[in-house]
Amino acid sequence: MKTLACYSIKGGVGKTASSVNLAYLAAQAGYRTLLIDLDSQGASSFYFRVRPSKKNWGKRFFKTYEQLLKQIKASDFDRLDIIPAHESFRHFDAMLSDQGKREQRLKRVLKGLKKEYDLIILDCPPTLSYLSEAVFHAVNMILVPVIPTTLSERTFEQLQDFFHRNDLPDRMVYPFFSMVQRQKHLHKSTIERLQDTTPRLLEAQIPFSTDIEKMGEHRSPISCFAPRSPGGQAYEALWQEIARKLEKL
Amino acid sequence: MTAHSRWLIKDSDSTERLLDKYRQKFTLEPMQIRHETLSFYDDFEWHLWHRKQLLASNNKGLILRVDDSELTFFDGENPPVFAKNLINPTLKQSIQKLTKGRRLFPMAELEVEFCHYAVRNKDLKKVCDLSVTLTGYGTMVELKGLRGYDKEYRRCLNIVLHSKPDELEHHIFLNSLRLLGIKPSSYSARPHIALTPELDSCDAVAIIASTLWKNVRCNEEGIIRDWDTGFLHQYRVALRRLRALFTQMKQSIGRDESQWFKRQLSQVAQATGRLRDLDVCLASEDYYLSLIPARFHNGLEKLFRDIACERQKEQKNLAQRLNSPEYLSQIGLIESHISLCPQSPPRKGHKAILKQASRQIVSRYNAISMDAIDITGHSPDEQVHDVRLACKKLRYLLEFFADLFPKQEIRPLLKALKQLQNNLGRFNDLCVQRENLEIYLKDRNASAETEAAIHALNSALYSKQRQERAHIGLQLEAFLDDDIRRRVESLIPAAVQRKSKTGRLSE
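So the sequences go chain by chain: A and B. UniProt numbering applies: residue 1 is where the first sequence begins, and numbers increase by one. UniProt numbering applies: residue 1 is where the second sequence begins, and numbers increase by one.
So here's chain A without its partners, still in its complex pose:
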């Protein structure tokens, strides 16, 4: 079982869109996939029309994997299941702060799912917190969407600094450009500059696209309702690149 997280300190960079589309494409490619929506806003769950449980189960999230099993819901697509977000997830940091070995907690509960799934995708909230630390310890790959703008570039640097300061292996961090508008000079120059200097930068770039925005309207991955659109093709290319890397892990 491989685990990957879509993560960025900054919000609105395309983490959820990436998680949703990659989860869908992985399932289509034959991976038994579980998407865990860790962001209490529940956007991933919304895209798949999955409602969260009415019970306040967030407090049991890190206890045992059996707790997670109870919350798994099938999506409309073969081989793709979802653990929808719950608003109690916003207390994860407070919960983890009270627990020993908190950075290992998530890894431990996810381990119990390895018989059922080939791939787990974590859609993370935009914070740098105890939860993010637990995510960094639990996954094989961290995908970081980066909008080619100064602010987004800056948050990516902050993430790299965090990894260095905390002796975390940055070889698992894979940035890729998201919401790219090539006609913008800033985007173009940022891409050109970072392409030469950023290690492990993925080749696939996700364009800024109205089709991707329409995912909310369709409540389904773009790769499902408009696979041939530029956005759909970009996610396909991104998945192919990631799949190759996952196989080597």
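Hints were generated in silico from the structure; no laboratory data involved. Errors might be hidden in some of the hints.
Stated by the list, open to error - With a Cα cut of at most 27 angstroms, we get these calculated DSS-like pairs of lysine-lysine:
hint, chain 1, residue 1, chain 2, residue 2
1, A, K107, A, K59
2, A, K55, B, K122
3, A, K70, B, K250
4, B, K52, B, K351
5, A, K70, B, K25
6, A, K114, B, K144
7, B, K144, A, K115
8, B, K250, B, K151
9, B, K97, B, K415
Chain B: place on chain A using the hints.
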């Protein structure tokens, strides 16, 4: 595990009412509606049907398989002829195993409508899969729950249950084919022969003979039309069994009658030997290629092309023979003798079959024991072949009369014998194949390339033959051990059991 259930609804009005009820409580989205004319396939022995499996084709590139009530679709497949030609590897492997490589024949047609619906909640999230399959002989409603949506599944199930459906033990296709009057042929390569222990042994022999004779005749058309190599194989096996029956039970029907049958059946079988040898050889092509280095492959492929040509000619000759008046008159003669059998049974022929059969089995076992004593690692191959033939005779006896003895005694015996026979059979096959290769080299003007390939193959087969030979001692020992001996002993009715001083079983 997700919930799953299937139900039978007999009339189409109820189906419409059922769908309306779903529409009232959920959003019912048709995902796929297709109409197909399906041809169902099975082999001559109905292997699939007997295992409650079905294989169908729409003759437009789609194959459907029902396995343990589970329906699976396979796209891009031609109508099946042989399992080996199927494209999907999983399907190919499993059908090949089930049908034992035999040809598939269309056996029935059904008009089928598949309707697959997604049952959606108010968020339009799919919460259950609903499949409705209509065959004209009933409607199957199938519900599949989705993980995390158990409540919704129960609601869906209640809607079905409300219409008071019948339970469906098997897939609707199987039910429909049965209603259509489709049933498997009574043919079996190993027919079950019901005998009572008190039956006169001569009558028992006659019953077995007429059953086996039917098998001989059933396979003729398949040989003539060359449907698959299994027909010739089973034709020969039935003839061999008949011969074994008449020779081993000669005390029951009389020596002269036994001799007559033996002669006639040998003549009939004789004409089929060469074709069978060629079939066996051709079936081993891939295996042989795997035994020798790639540089010899061209030469060997050439050899197989020659053999395939010869097979074609041989098959034509045999088909002609089976259609000839000579053959038909000989068959007619044998047939009338079998129907008159036993013509003048000796005294022993009126003894109970249980007694006669058990004595014969014990006698055969003793004969193998005596022959096996002399077998050492250096014994000539001919001696091993004699043991193989004796084992075959014992196997036939055990199969003919299996019904007369307790299953718990016969099964371990047959199992042990089968293991030994497999070993001896492989050893013999290797000997025969090597001999055939030698004959080919002698009789044909083989190219240098083919000659080199044959030599390479011959040495590989020789080493395999030695490996098999090395196991024979141990296998024989296992077959002659005390447990098996006790089991054989136990077959004799208590009243006739006595032991000789040598410790051999009484006959």
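Need the list of violated hint numbers for this structure, in ascending order. Violated hints (numbers, rising): 3, 4, 8; every other hint is consistent with the structure.
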